[in-house]
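J.: Read off the chains here:
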Amino acid sequence: MSEQSVRLALRGLGKRYPNGVLANDGIDLHLARGEIHALIGENGAGKSTLVKMLYGLEQPTAGAILLDGCAVGFKSPAEAIRAGIGLVPQHVQLVPSFSVARNVVLGAEPARGGWLRHRAAARTVEDLAQRYGLAADPAALAGSLSLGQQQRVEILKALYRGADLLLLDEAGAVLSPDEADALYRALRKLADAGLSVLLITHKILDVLDVADRYTVLRRGRVVASGRSREADAAGLAAHIVGRALPPTVDAAPSAAPSTVLLRARGLVRVTGSAECLDNVDLDVAGGEILGIAGVEGNGQALLARVLAGMGQVALVPEDRLHDGVAPTLSIADNAIATSYRSPPLSRRGWLQRPAIDAATRAMLSEYGVVARGPEQPIGELSGGNMQKIVLARALASRPRVLVACQPTRGVDIGAAQFLRTRLLALRDSGAAIVLVSADLDEILALSSRVAVMHRGAIVGHFRAAGLAPRTLAGYMTGALRQPQAAARIDSLFVAPVEDTR
Amino acid sequence: MTLAAMSTFLAPPGARRALAAVGVALLAGLLLIACVSDEPLRAWLILLTGPLPELRLAADGSWHWRRLVRFGTVLQDTVTLSLLGLAVLIPFRARQFALGADGQLFLGALGGALVGLAWSGPGWMALPLAAMAAMLAGGLWGAATGILKWRCGANEMVVSLMLNLVAIEIYRLAIMTWLRDPGAGFPATPFLPPQASFAPLIANTGVSAMLAAAPLAVLAVALLLGRTTLGYEIRVTGAAPGFAATAGLPVGRAMILSMALGGVLAGLAGFHIGHAVLGRLPVDLAPGLGFEGLLVALLARHQPRAIIGAAFFYAWLRAGGQAMERSTDVAREIALVLQALVIVLVMAERWPWRKESA
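Sequences listed follow chains A and L, in order. In case it helps, this note's numbering puts the first sequence at residues 17 to 517. In case it helps, this note's numbering puts the second sequence at residues 1339 to 1696.
Extracted from the complex, chain A is given alone in its bound form:
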């Protein structure tokens, strides 16, 4: 590959957010003209931050972005668009009541003397669609199209603005397999025409089937890169989920699991996507942690919500800023959200401020939260400190059953270890814990048993002791499954078999 053909190069690109989270660290990446490059990693690995920097939504704090060998610094998406970068967002953003043509030209309409030229727009769009094989009827209403077609319109939109470097953010995630295939064929045509495509994904198959080359991100760093032809699924999976954590926490339960505190049989939830529940059976006994592993979006989050909705179950929600805290309210207001109704925090409908203040201060010091005091808005805290309060609040009621979703996501290592220690302490006190995490290391380090979910079903159930991430990877991608897999406490740990599909 000659130096001239490199369209995009990243040199040691880094991004540290004001709250201290290091989202990207020393990223190196090359993208040539005519190449499809897959950027793969779990949610939270730093892919979105990287895309935001490329598209001018965030500014890097280290390193450089080079376009055709020249360093650029985008202050806004408008500058990125002018430089030939087009973003196809994960969720399409079309005006449903506008025609395809009007959507494509929206914001850059051909006009003469203040009058929009709709016919010229339709012609241009038709030309573009034909040239790149992105079949689309310019007169159709955007709202009447399927998701896959809408995504093609998004691509046309980027092309219309002159983009020759396309960023596709999880483009295949919302599509049916057929639509995804059509999308990928279109991308290949674009690449053959000399355009560059950066495909952001967490699906291993995208790398193997679509991309020319790949880069694996993990915890904000590049952990692997290479040619797709020379890659294999198991190897990629191992890179994506990483190796086992050093045994800094003692995962061995202090006592044998006792009675089953949480039992679910035949849970079904139909949603029309992979985020569904398909006949899920599980038990969790007091004194054990059941880890739920899987590629994100295969029903784990839904399972957590369903379990947490049963009452008497404490929850550490997955989306911390949306469901876990009220960012504009004080730490105290956030800390009491599940306990404000009973004494000593309130009496006969009146909040007892001194008691709330004392309880919050005790929580802050017990969990080592760095904060100015109970009255500080919780949104000003770092992710780790915020999560400590979320966990502290969940544990304050001494729950018998806890569902913890991504309890250490976006949290620095020290705080993550602290949070894990707390979860183990809760387990040792006899509570039953369901741990949903995208971090396989975490699952393996904390769990007593591990269940793997794929397309809403439990496809594997394992004793955690001695389990290797590599074993789980096959189940996570759906290549392997145990027959009749279920996470019942009396389930036999059967030997894995190859999926014969």
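Because the hints were derived from the structure by calculation, they are not lab data. Keep in mind that a hint or two might mislead.
To be verified - Pair ranges (Cβ atoms, derived):
hint, chain 1, residue 1, chain 2, residue 2, range
1, L, Asp1376, A, Gln109, 46 to 56 angstroms
2, L, Val1675, A, Gln368, 39 to 49 angstroms
3, L, Pro1531, A, Gly327, 21 to 31 angstroms
4, L, Met1463, A, Gly365, 20 to 30 angstroms
5, L, Leu1499, A, Ala209, 52 to 62 angstroms
6, A, Arg364, L, Ala1550, 54 to 64 angstroms
7, L, Arg1355, A, Ala250, 51 to 61 angstroms
No residue lacks a Cβ here, since even glycine has one placed at the ideal position from N, Cα and C.
With chain A fixed as given, assemble chain L onto it according to the hints.
T.: For chain L alone, coordinates are given in the frame of chain A:
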């Protein structure tokens, strides 16, 4: 409360910005007046000082106040606008964009007048009962919006605006058909009996013991929001609905009660207009006061303690505008432009010339 705590309570950081906004808007007002007036400075000064009462030495050597009526108007409007501002503020804190204060005010005034006219029991009970009827009527009308949203998913903005129209027509129907005083020269209720109306503290004005209602209502709302579990539920629901639901807070109840309590205060504002300001209810009572309450709440940035100041500022500008119109060549609408400017400047998330993260 220590002195320092007291001073931050009275002048929170946001207040300084509001004052700056007021100052900028007033200067802009001077420029505006200069465009339309031959004597801009005088008109501007009258706008600002018109409502100020004057202490004069009379010929017989005794002191007496002049222009007290105008100042009284400012005070009576401050009470109305404070109550309406709070009526909008409570649902806003639960993130409910309910704009039903207008209709709640009309029904509150009507409910209060019904009781005031009909009550034949002990005289001292007439006013408290009328006030309760007014608050009940406003509260129920407010709750209706909340219940419709909770049960049917109806948009609270649309519902509350439509219910305003319904309430105003109910008010007109009641006065035209059942409460009309045949002896009055225009369609209106009879005058409320003395036992059911407030004696003015300043002659020829609506300034009465209801003056105390404004600070008491502010205190009640501040306590409600800051010190009760219901207020907590309202604040959390408004600040982060997803979080409130995940944490198991009674989101629907908080939503409905926030609208009902707003209605209670708007009903009380109606009671103030009927029983303290007008003494009777004319059929053509002007709609739109509820929206001034919205502006007051915006100006106070949804902080109860800032409501009275914002209401007073509004009432002052309104009276000043009238004074300016009467004695200069500038129309009172300039005062409206100023009010709008202040709102825009206070609501602006950041000053155009200073970059600060919102």
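J.: Against this structure, judge whether each hint is valid.
T.: Hint by hint, here is what the structure shows:
no.	hint	result
1	Asp1376/L with Gln109/A: 46 to 56 angstroms	55 angstroms, holds
2	Val1675/L with Gln368/A: 39 to 49 angstroms	48 angstroms, holds
3	Pro1531/L with Gly327/A: 21 to 31 angstroms	56 angstroms, violated
4	Met1463/L with Gly365/A: 20 to 30 angstroms	28 angstroms, holds
5	Leu1499/L with Ala209/A: 52 to 62 angstroms	54 angstroms, holds
6	Arg364/A with Ala1550/L: 54 to 64 angstroms	26 angstroms, violated
7	Arg1355/L with Ala250/A: 51 to 61 angstroms	59 angstroms, holds
Hint compliance for this structure: hints 3 and 6 are broken, all remaining hints hold.
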